[in-house]
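Enquirer: Chain residues, written in single-letter form:
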Amino acid sequence: MNHALPDAFRRALRDAFLSALIALGLFGSLVGLHVAEGDNGLILATRPVTTAALVGLVFLGRFGIVFWSARLGRREAYREKRVIAETLTRLGRFLAPGLLLLALALPFIGGRYAIDTGTLVLIYVMLGWGLNIVVGLAGLLDLGYVAFYAVGAYSYAILSTSFGLGFWTCLPISGLLAALWGMVLGFPVLRLRGDYLAIVTLAFGEIIRVVINNWVSLTNGPNGITGIPRPTLFGLEFNAGPHSFARFFGLHPSPLHRVIFLYYLILGLALLTNWVTLRLRRLPLGRAWEALREDEIACRSLGINITRTKLSAFATGAMFGGFAGAFFAARNAFISPESFVFIESATVLAIVVLGGMGSQLGTALAALVMVGGGEALREGLLDLSQSPDFAWAGSAAGDIGEYRMLIFGLAMVAMMVLRPRGLVSGRTPSVALAETREIAAELVAEGRG
Amino acid sequence: MAYALQQLINGVTLGLIYGLIAVGYTMVYGIIGMINFAHGDVFMIGAFLSLVALLGLSALGLSSVPLALALTLLFAVALAALYGWTVERVAYRPLRGSFRLAPLISAIGMSITLQNFVELSQGARVRPIEPVVHGGLRFLQSGGFTVELSWMQMLIAAITLTVLGLFTWIVRRTPLGRAMRACEQDLKMAGLLGIDTDRTISLTFVLGAALAAVAGLMFLLYYGVIDFFIGFVAGVKAFTAAVLGGIGSLPGAVLGGLLIGLIETFWSAYFSVEYKDVAAFSMLAIVLVFMPTGLLGRADVEKV
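Quick note, the sequences are listed as chains A and U, same order. Residue 1 is where the first sequence starts when you use the numbering used here, and the numbers rise one by one after that. Residue 1 is where the second sequence starts when you use the numbering used here, and the numbers rise one by one after that.
Hints in this document: simulated from the structure, not taken from any laboratory. One or more hints might be untrue.
Looking from chain A toward chain U, a few residues come up when the C-beta cut is under 7 Å (computed) [what the hints assert, rightly or not]:
1. Leu21
2. Gly25
3. Ser29
4. Leu33
5. Gly38
6. Leu42
7. Leu192
8. Ile207
9. Val353
10. Gly409
11. Pro420
Think about it this way: if two alpha-carbon atoms lie no more than 25 Å apart in a straight line, the pair counts; the simulated DMTMM-like pairs of lysine to aspartate or glutamate are [claimed, not checked]:
12. Lys188(U) / Asp295(A)
13. Lys276(U) / Glu338(A)
14. Lys276(U) / Asp195(A)
15. Lys276(U) / Asp227(U)
16. Lys188(U) / Asp195(A)
Where a beta carbon is used, it is the ideal one built from N, C-alpha and C, also for glycine.
Using the sequences plus the hints, can you model the full thing?
Expert: Written out as structure tokens, the structure is:
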């Protein structure tokens with residue numbers, strides 16, 4: 001059908017062969033040879049089959065990609081891409097209400113596992129929306145967001161276990177303390193821009209973690225804090241006691257009640273974050289944030305107080321991180337410094353960037369994909385392994401647990417390479433003259449702060 | 001006095017290792033303006049490649065230590081360079097010209113990937129190796145404390161300075177170095193003048209990875225124990241060093257590395273080991289507050 005086919009075939013073959021050669025170097029040295037425990041000291045062991053399989057996989061994969069793209073041609077590939085993008089945009093209008101309905105109905109249609117996963121996803125949605133204020137709206141690159149999450153979690157844990165304060169008293173305190181720390185971080189970095197800001201925020205996150213890890217008298221160090229009290233619903237507890245939720249409403253006591261309550265609690269908190277962000281975008285403050293992201297010099301020339309704008313962005317973002325942290329501590333009843341490592345900051349930032357930086361819907365979708373995707377895959381494989389024909393799926397599900405972070409990292413790279421501007425790459429501007437029209441994300445500045 | 005001198009020696013050794021890694025960061029940043037988050041993990045891979053090579057050579061029955069070290073260095077540098085090249089090709093080149101945060105996220109993803117790749121392929125915990133080089137120079141005894149400058153530390157200093165000298169020569173005197181400096185000044189203009197910018201950037205990653213592999217070998221020899229997580233800690237410290245020295249400046253990276261190494265060592269010796277990272281990072285914040293472009297960095301010109 002195409003006379004250039006043999007040529008394309010040869011080129012693809014050559015490309016694949018080169019890739020396989022490189023893969024042999026990469027995998028041969030670290031997968032093929034590996035360090036093992038010998039009788040006296042370390043020895044070297046080999047894994048030839050795995051290496052051969054990996055090299056073969058690279059060969060086939062590269063061959064497929066090169067051959068396929070040569071066959072399709074550049075123009076058609078571009079057209080195909082555009083069609084997909086347009087369909088997604090059109091679907092997007094129905095997506096937000098649909099997702100909200102699904103989120104509201106989840107406890108009624110899903111089991112315990114689905115609710116737990118939903119809660120986890122919603123924590124990340126909330127963190128994503130909180131960080132979005134700093135990164136997406138104000139354009140300040142923050143690599144240490146997890147610090148505020150940690151401040152919120154430890155505020156609640158310490159206040160409740162040492163002073164016996166309840167969740168609802170501590171929630172605002174946690175948020176305020178986190179906001180305070182946001183200001184503490186904000187002051188020294190006011191003059192920094194770009195990657196200097198990134199590295200200082202990263203360092204700040206590490207400092208907070210190291211301090212939590214070593215200040216044993218306050219935080220119990222690496223052992224963490226246990227027995228953190230659970231939140232109550234207007235004084236009703238979720239246990240089998242006399243003042244329990246089940247007793248009050250005359251229901252049969254079930255541990256599911258608390259799970260569902262926690263789910264709706266985080267859903268409410270996340271929606272609060274969303275609502276506040278959307279409202280703030282209409283206030284002078286939110287407009288100043290977006291103006292700051294677009295052009296800092298123009299902002300200063302127009303008399304916008306840069307100090308106040310930046311600090312308020314840090315503080316607001318940090319406050320929601322603090323709320324999420326308090327919820328996290330209340331839900332798990334146990335926290336330790338291990339939960340607040342850099343990977344968490346990176347995950348939340350990846351969610352914001354993958355969501356299209358500033359798009360509320362995109363952030364929620366990205367959290368669903370990044371956090372829920374892995375869980376869904378594992379669960380799907382476990383379900384599949386129930387039937388005897390697919391017994392291999394069970395061990396594959398076990399492997400996914402082991403390979404989870406590897407897959408996560410690869411997915412992060414792949415999604416950036418395929419869609420660098422995020423899943424939702426259109427934006428509705430906050431201010432418009434006559435009619436509000438969707439604009440491409442490429443036209444939105446990313447900020448230099 | 002003797003104690004302080006010993007700390008100075010230890011700090012400089014550590015600082016040289018940081019400096020080697022920091023050069024890779026600063027070079028990549030200078031040319032394409034991105035934080036190569038996976039660089040620390042390339043350093044970790046260099047350390048593991050060195051371990052694999054050392055074990056392999058001893059299994060083959062090679063008994064001459066200098067020859068074994070030289071072969072290990074070659075093996076680690078060559079393959080780590082291949083890793084550096086692949087990382088750039090797979091994760092960064094498709095994002096060239098994209099917006100600033102995309103390569104950063106891609107780099108963080110690559111860093112997670114490399115860490116877990118090594119954890120899965122080499123095991124989560126690796127036992128320490130036997131010291132390869134023993135002994136040292138003892139001098140200045142005071143108050144029951146002897147200052148020791150071990151052969152290992154001298155070896156590290158010698159190799160690091162040789163490699164850095166070689167590297168400076170490449171950047172200053174060769175056509176590749178000229179192309180790199182041109183790309184650093186203006187990538188688009190360099191391309192217009194006929195420099196193959198993609199190739200130059202690739203080679204920059206290769207050179208950076210090679211330096212990181214040298215640092216990895218030094219780290220393995222000095223501490224004797226490595227795991228898949230050393231890349232993150234060392235990477236963050238080295239990046240801190242690069243920023244402290246003024247990112248984009250090669251002498252600045254080495255200077256920053258030495259400073260971070262010294263701060264860390266002296267803080268551990270006189271105050272507390274637990275808070276040594278806090279000291280290093282706080283130092284970074286303080287320096288940046290007063291000198292926002294680092295010690296030797298050039299100030300960005302703001303264009304309106």
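Enquirer: Decide, hint by hint, whether the structure agrees.
Expert: Okay, the hints, checked on the actual structure:
The interface hint given for Leu21(A) is violated, since its Cβ lies 10 Å from the closest Cβ of chain U, which is over the 7 Å cut-off. The beta carbon of Gly25(A) is positioned within 7 Å of a beta carbon in chain U (closest approach about 5 Å), and the interface hint is therefore held. Nearest Cβ of chain U to the Cβ of Ser29(A): about 5 Å, under the 7 Å cut. The hint holds. Taken as an interface hint, Leu33(A) checks out: its beta carbon lies about 5 Å from the nearest beta carbon of chain U, inside 7 Å.
A distance limit of 7 Å between C-beta atoms decides the matter here; for Gly38(A) the minimum to chain U is near 9 Å, and the interface restraint is violated. The beta carbon of Leu42(A) comes within 6 Å of a beta carbon in chain U, closer than 7 Å, and the hint placing it at the interface holds. At about 6 Å, the closest approach between the beta carbon of Leu192(A) and any beta carbon in chain U falls short of 7 Å, and the interface hint on this residue holds. Because the beta carbon of Ile207(A) sits about 5 Å from the nearest beta carbon in chain U, less than 7 Å, this interface hint is met.
For the restraint placing Val353(A) at the interface with chain U, the shortest Cβ-Cβ distance is roughly 5 Å, inside the 7 Å limit, so the hint holds. Taking 7 Å as the C-beta contact cut-off toward chain U, the hint placing Gly409(A) at the interface holds, the least distance being around 3 Å. With its C-beta approaching chain U no nearer than about 4 Å, Pro420(A) sits inside the 7 Å limit, and its interface hint holds. Between Lys188(U) and Asp295(A) the CA atoms are separated by roughly 23 Å; this keeps the pair inside 25 Å, and the hint holds.
As the CA atoms of Lys276(U) and Glu338(A) are separated by approximately 19 Å, the hinted pair is consistent with the 25 Å bound. Restraint check for Lys276(U) and Asp195(A): satisfied, since their Cα atoms lie roughly 23 Å apart, inside the 25 Å limit. Of the pairs offered as hints, the one joining Lys276(U) and Asp227(U) holds, with about 20 Å between alpha carbons and a cut-off of 25 Å not exceeded. With a C-alpha separation of about 21 Å, the suggested pairing of Lys188(U) with Asp195(A) holds against the 25 Å cut-off.
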